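Trainee: This is what each chain is made of:
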Amino acid sequence: MPIPLDAAEVLNREFLEIRARLLHLAASLDRLDRAEGAVHDDPRLAKIRAGLEILGGVESERAERIQLLFSRPYDANWVKSLGVERRG
Amino acid sequence: MYYLDPHIHMVSRVTDDYETLAKMGCVAVSEPAFWAGFDRGSVDGFRDYFRQLTEFETKRASWYGIQHYTWLCINAKEAENVSLSREVIAMIPEFLDKPGVLGIGEIGLNKNTKNEATIFLEHLDLAAKTDELILIHTPHLEDKYQGTRMILDMLNDDRRLEHHRVLVDHVEEHTIRAVLDDGYWAGMTLYPTSKCTPERAVDMIEMYGPERLMVNSAGDWGPSKPTAVPDFILAMRLRGHGESLIRRVVYENPVKFFSQSRNFDFTPPETYEAVG
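So the sequence lines, in the order shown, correspond to chains G and Y.
Be aware that the first sequence starts at 0, since it is given in numbering that gives the first Met the number 0, and climbs by one per residue.
Be aware that the second sequence starts at 0, since it is given in numbering that gives the first Met the number 0, and climbs by one per residue.
No wet-lab data here; the hints were simulated from the structure.
No false leads were mixed into what you were given.
Using 16 Å as the maximum straight-line C-alpha spacing, the simulated EDC-like pairs for lysine to aspartate or glutamate come out as follows:
1. Y:Lys-128 - Y:Asp-157
2. Y:Lys-58 - Y:Asp-16
3. G:Lys-79 - Y:Asp-152
4. Y:Lys-224 - Y:Asp-15
5. Y:Lys-22 - Y:Asp-230
6. Y:Lys-128 - Y:Glu-93
7. G:Lys-79 - Y:Asp-156
8. Y:Lys-58 - Y:Glu-18
9. Y:Lys-113 - G:Glu-84
10. Y:Lys-113 - G:Asp-74
11. G:Lys-46 - G:Glu-63
12. Y:Lys-255 - Y:Glu-210
13. Y:Lys-110 - G:Asp-74
14. Y:Lys-76 - Y:Asp-142
15. Y:Lys-113 - Y:Glu-79
16. Y:Lys-110 - Y:Glu-79
17. G:Lys-46 - Y:Glu-141
18. Y:Lys-58 - Y:Asp-15
Residues of chain G placed beyond 12 Å of chain Y at every Cβ, according to the derived structure:
19. Ala-26
20. Asp-40
21. Asp-41
22. Leu-54
23. Gly-55
A quick note: this is a predicted structure, and the numbers were derived from the prediction, not measured.
We put the CB at the ideal spot given by N, CA and C, even for glycine.
Put together the whole structure using the sequences plus the hints.
Mentor: Right, dumping it as structure tokens:
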């Protein structure tokens, strides 16, 4: 289904909001830098960096890829690994 | 615009919310059984909760002209207690013929554990044997993708279930495609900080079309907004979408899905008659 608005109109409408959200992210990362202690080993930080790379890339479906980045992987053998008895 | 909220927990909301919903065009709500914020200690606790859902909430909604429907189950969080869950599942049929009971829900997974999956399967068995519609909760945040895939595995494995009679709720960008591709209905939940925003829900309508898609507020006792569906309606209009498409998502789709239940005795607002 096409979006009723063209790209120029989407950018016009969303530019300030995108700018504000980028600033929000930048300030959060600055706050992390200024805070006492170190979290550079925290795996969540690596996920945030990977997420920022997705945002900066040219490939589409960024929202879906960010969601998958922050998701536990699916194990197709979960029935066996959990020991669930299937029925039906 | 008239609309239905297909997933909202009104037992957690004040009566003023019913008034606000009515003023914003809500003509019906469907309320799945869920976790109350604490674990209940006995099957009688659930029996009382089901009475509240099928008797008092129906009455409270009617004070504002809102039609109230409900779903019954033991939720995924309390499903960790397998013995209590089995007592509740055995008790549910006492209520299945009550007016406004649409089916079994919201069942699902929370942390994707063995006990949750076991009780989910036993709910599916009950639904299949009693020919009930099914409403499914999918997990939060990092557990959603894995849990949704597990849920689809279990649904697809049960050949008794008709896919068009199952609604998989709380879908997001990484789970919606699999749900729709397998022929199920999908619900997008609009939450202030987690799940989905109105704008992202509009994006998913644009990417996947309106077929078998609904939006809901899932308003409950936590941070949530019972008027989120009107927010979605506004977001659709601002994006330039027409009224017929919006009405299909917020009104016609839930009516079409719920109409598969023998207990969906819906009165369209266009047919309301003046009293006196």
